[in-house]
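**Q** Residues per chain are reported as follows:
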Amino acid sequence: MEGLGNSIKEAAERLLNEGDVDLVIGYERGTTPLRSTPCFIRDSGDVDRLIWDPTCDANLAKYLIGQDAKIGVFVKGCDARSAVVCIAEGQIDRDKVVLIGLPCSGVVDRKKIDSVLDGREILDATVDEEKITVRGEDFEEELPTKNFLCDSCLSCRHRTPTVYDIMIGDTPTEEPDTDEYAEVDELESMTAEERWAHFVEELSSCIRCYSCRNVCPMCYCKECFVDETMPAWFGKTNDLSDTMIYHIVRSLHLAGRCVDCGACSRSCPMGIDLRTLLKKGEKIVKERFSFEAGMDVEEKPVMSVFKQEDSEEFVI
Amino acid sequence: MEQGSVSKKPAVVEEWEPRIIAFLCNWCSYAGADLAGISRIQYPPNIRVVRVPCSSRVSPYFIIKSLQRGWDGVLVSGCHPGECHYISGNLIARRRFAVLKDMLEYIGVEPDRVNFSWISAAEGERFSKLVREVVEKVKALGPAHRLVKGE
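Just so you know, the sequences run in chain order P and G. Just so you know, we're using the numbering used here here: the first sequence kicks off at 1 and counts up by one. Just so you know, we're using the numbering used here here: the second sequence kicks off at 1 and counts up by one.
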């Protein structure tokens with residue numbers, strides 16, 4: 001990733017100067033260590049704010065929904081797939097967006113870094129593909145980046161954007177051979193009682209802040225089912241059934257649409273493992289309908305179509 | 001409030017009977033249930049029928065909400081594939097139900113609580129058989145607890 005700093009700035013500058021886009025969305029340095037924040041650039045003089053490193057974790061496809069301006073957006077493999085899903089669903093106009101592909105080898109999971117620091121506060125950090133250097137009041141530690149990547153990145157199959165207009169750098173990097181459904185398979189091998197106990201334990205800490213929903217590019221409904229009051233489908237309480245139903249229905253809504261970008265898990269303040277739930281939806285759709293989300297802008301959303309020969313072994 | 005310590009429990013404890021909500025499509029399954037009725041075919045009285053225009057009218061919300069409200073079982077039935085009054089409603093519904101059923105099972109809800117079937121308007125006999133089968137299965141599971149609000 002090193003040395004791409006100039007390429008991304010040049011690409012953004014060119015797009016803005018030539019009038020191809022009105023706005024470039026990328027990443028800039030956040031206000032706290034190990035944080036980046038989305039950056040909106042309208043003036044080519046501001047392109048120096050742009051950065052690209054393994055802290056650039058936000059899924060920028062989120063900001064393309066419902067926009068009229070012509071937008072150039074930096075996308076990792078997963079962000080590009082999110083954008084493709086939104087284009088296929090008619091939420092983003094393909095002609096109004098320039099996808100600038102980034103070569104990604106994974107983004108860091110700050111929760112994993114915090115877990116090895118025993119509560120010591122990071123005051124400054126530098127990150128590259130090889131190592132993360134964290135500095136605090138009276139310590140400095142070097143951590144290998146590959147051990148602190150997000151779970152989604154560790155089994156990511158699409159590091160190269162599936163669809164892009166401009167590609168920065170070389171199309172990357174080897175893709176891992178780990179089993180992307182390992183956690184799901186492990187749960188499936190348990191009994192129904194054990195699975196229920198697992199999800200009760202995992203989801204009962206949910207505080208219904210909805211940050212998982214708000215950060216997700218696929219959650220673009222003008223009114224979410226949990227906010228609806230007429231009819232009020234499900235309660236807004238922290239009764240276990242209400243919380244579990246929120247997560248079940250969200251994973252149903254995302255089945256065949258989620259691209260496992262990991263944004264929801266990263267944003268969760270309670271550290272809930274949302275991935276095993278969403279990954280199951282992905283697996284169901286892959287096994288039943290041979291569909292993978294975000295591969296082709298022309299492909300119809302999987303749950304809005306059918307085949308005569310769809311399996312119906314569950315019908316009695 | 002009533003005074004005294006007299007228990008209001010009935011003298012004979014009735015055997016638990018499951019309550020099952022059945023979403024039946026207007027064109028096939030509801031008519032199939034109707035045929036069972038006019039033909040005087042017996043089936044257990046545990047189901048409460050909700051008539052819907054098409055099986056694709058049945059949102060996963062209906063099913064999950066039913067479970068949350070404490071229904072012990074859910075039955076959804078529509079026209080056989082290829083015979084939908086609206087051409088392909090049941091085929092769209094089939095995909096949706098497949099994902100819902102897999103997902104509920106994954107969470108740990110007993111798979112037999114939620115049942116899907118195709119019943120045509122001519123299948124009164126089969127409808128009564130289906131209801132008996134579903135009631136048997138839900139009876140074997142006992143009262144619902146998972147996803148029930150307040151439990």
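If you are wondering where the hints come from, they were derived from the structure by calculation, not from laboratory data. We put the beta carbon where it would ideally sit given N, CA and C, even for glycine. Fair warning: there could be bad hints in the mix.
[To be verified] Reference excerpt, derived from the structure (chain P facing chain G, CB under 8 angstroms, subset only): (1) ARG94; (2) GLU142; (3) MET244; (4) SER251; (5) LYS286; (6) ASP310.
**Q** Please check whether MET244(P) passes as an interface residue: C-beta within 8 angstroms of a C-beta belonging to chain G.
**A** MET244(P) check passes; min Cβ-Cβ to chain G is 6 angstroms, inside 8 angstroms.
**Q** Would the stated hint for SER251(P) survive a check requiring a Cβ distance to chain G of less than 8 angstroms?
**A** 6 angstroms, holds
**Q** How about GLU142(P): closest beta carbon in chain G under 8 angstroms, or not?
**A** Violated, because the Cβ-Cβ distance from GLU142(P) to chain G comes to roughly 40 angstroms (cut-off 8 angstroms).
**Q** Would the hint on ARG94(P) stand, with a C-beta cut-off of 8 angstroms toward chain G?
**A** 26 angstroms, violated
**Q** Interface hint check: ASP310(P), Cβ to nearest Cβ on chain G, cutoff 8 angstroms. Holds or violated?
**A** Holds. Min distance 6 angstroms.
**Q** Taking the least C-beta to C-beta distance, is LYS286(P) closer than 8 angstroms to chain G?
**A** 11 angstroms, violated
Checked against the numbered hints given earlier, this structure breaks hints 1, 2 and 5; the rest are met.
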